[in-house]
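Peer 1: Protein sequences appear in the order of chains U and W. To convert, note that position 14 of the first sequence is 14 in the working numbering; the numbers rise steadily by one, no gaps. To convert, note that position 6 of the second sequence is 6 in the working numbering; the numbers rise steadily by one, no gaps.
Worth double-checking, as some hints may not be accurate.
Calculated pairs, DSSO-like style, for lysine-lysine (alpha carbon to alpha carbon, straight line, at most 30 Å) [what the hints assert, rightly or not]:
no., chain 1, residue 1, chain 2, residue 2
1, U, Lys70, U, Lys83
2, U, Lys9, U, Lys83
3, W, Lys22, W, Lys9
4, U, Lys9, W, Lys9
5, U, Lys57, W, Lys73
6, U, Lys57, W, Lys22
7, W, Lys9, U, Lys83
One side only, chain U facing chain W, incomplete, derived with CB under 10 Å [stated by the list, open to error]:
no., residue
8, Ile4
9, Ser7
10, Pro8
11, Tyr33
12, Gly40
13, Gly42
14, Ala61
15, Ala92
16, Asn103
17, Gln105
18, Phe106
19, Gly108
Calculated from the structure, these hints are not laboratory results. Built from N, CA and C at the ideal position, the CB exists for glycine as well.
Chain by chain, the residues run as shown.
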Amino acid sequence: DGGITQSPKYLFRKEGQNVTLSCEQNLNHDAMYWYRQDPGQGLRLIYYSQIVNDFQKGDIAEGYSVSREKKESFPLTVTSAQKNPTAFYLCASSIQSGLAGANEQFFGPGTRLTVL
Amino acid sequence: AQRVTQPEKLLSVFKGAPVELKCNYSYSGSPELFWYVQYSRQRLQLLLRHISRESIKGFTADLNKGETSFHLKKPFAQEEDSAMYYCALSGVSGSRLTFGEGTQLTVNP
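Excised from the complex, chain W in its bound form (with noise of 0.2 Å):
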């Protein structure tokens, strides 16, 4: 079985502050991870996801395989970073996504 855990439902950090948001999976196989996000009055959208390596928005994230975790980081929080962030978790090709409880993250002025 595969699970997502997001042991923060509300963080709260002031603007150009470090955030994290901590993700935590369970998978027996290879995962493939992603951050998904949700603004305010919009759709849910894919943020990054592990394979691409990138920093999207100033976010990273690097999977570590032996603590069997995906943080999502950024080194100067911005208040455009507001949003409900969401940990999810594949573990085949084309398959099922199963996602974390998400983390609402609000950045103060």
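If we strip away everything but chain U, and leave its shape as in the complex, we get (with noise of 0.2 Å):
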């Protein structure tokens, strides 16, 4: 497996502290994604980033964070505002709007985050 990679695989956090969530993806996509994978609820749309330095929210963005600048890389903070973080998060990344195949979304393996 190569192209988008996630790290770390899983991650513990203390309650009220902030955490980045690494994305990374070398198949030279323009558009890239965080979602968030709960039981029961499907993936749900954290953030989005169609060209580099700029950004969307998603449906869930409160308490999330987001930079892009650069190409290869997407990070996401999971701040201390969030008040449910444990979960799943996929990121994944398209090639550029607008063209044939633009919605075929390639993911990561994921990071398990896990707040005690």
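Taking the hints as your guide, dock the two standalone chains into a single complex.
Peer 2: So, in structure tokens, the structure goes:
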């Protein structure tokens, strides 16, 4: 597997602490996404970015922040304001909007965050 | 607003039996529909998309705009089909995907 990497695989955090999840891709994709996966709720979009230095809120952005300083990287920070952060987090990427196949998203292996 | 509903959280069938995973959507324009699959200990990956009209691993899905459905079907289920399946919708090329809640399919021997 290459393409999209997420680190770490498991992450533990104490309440009140911020934590940053890493997502890197070498697919030369313009668009990147962060999802949260909870049992019975599917995947919910947290933030997405279609181009460097620009990003938009998804459905559940409260308590999260992102940056997109490089095309390859889209880190997600889970802040202390996120009331229920324990979850499995998935990063994805896709080719530039408007081109054929633009909507196929390629996913990373995920990071499981547990708040103690 | 766009919404995807998968009414069955769990689905269990026997090997060789037909299987149908239901997906209904709501969207006011022309949607693009997908099925993603997540096998145990593997990444979420695209299974098929409606515009391709392909059969992947024996699975097919037809977009029914009248019933706003995109059900996934396979005539003879195999044990290796056991996985979590997600239906997803995109309204505009390159825009965000909206996922359903997922259906965990178990194919028993």
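Peer 1: Please check whether U/Ala61 passes as an interface residue: C-beta within 10 Å of a C-beta belonging to chain W.
Peer 2: violated, 12 Å
Peer 1: Would the hint on U/Ile4 stand, with a C-beta cut-off of 10 Å toward chain W?
Peer 2: holds, 8 Å
Peer 1: Given U/Gly40 as an interface hint, is its Cβ closer than 10 Å to any Cβ of chain W?
Peer 2: holds, 6 Å
Peer 1: CA of U/Lys9 to CA of U/Lys83, is that 30 Å or under?
Peer 2: holds, 21 Å
Peer 1: Taking 30 Å as the top limit, are the C-alpha atoms of W/Lys22 and W/Lys9 close enough?
Peer 2: holds, 10 Å
Peer 1: Holds or violated: U/Lys57 and W/Lys73, Cα atoms, limit 30 Å.
Peer 2: violated, 34 Å
Peer 1: Let's test the interface hint: is any C-beta of chain W closer than 10 Å to that of U/Gly42?
Peer 2: Holds - the Cβ of U/Gly42 comes within 10 Å of chain W, reaching about 4 Å at its closest.
Peer 1: Hinted pair, alpha-carbon criterion (30 Å max): U/Lys9, W/Lys9. Please report holds or violated.
Peer 2: holds, 26 Å
Peer 1: Using 10 Å as the Cβ threshold, decide whether U/Asn103 counts as touching chain W.
Peer 2: Hint on U/Asn103: holds, closest Cβ of chain W at ~5 Å, below 10 Å.
Peer 1: Please verify that hint: U/Gly108, Cβ, nearest Cβ of chain W, below 10 Å or not.
Peer 2: At about 7 Å, which falls below the 10 Å cut-off, the nearest Cβ of chain W leaves the hint on U/Gly108 intact, so it holds.
Peer 1: Would the hint linking U/Lys57 and W/Lys22 be met if the CA-CA limit is 30 Å?
Peer 2: holds, 29 Å
Peer 1: Against chain W, run the beta carbon of U/Ser7 and see if the smallest gap drops under 10 Å.
Peer 2: Status violated, d = 15 Å.
Checked against the numbered hints above, the structure violates hints 5, 9, 10 and 14; every other hint is satisfied.
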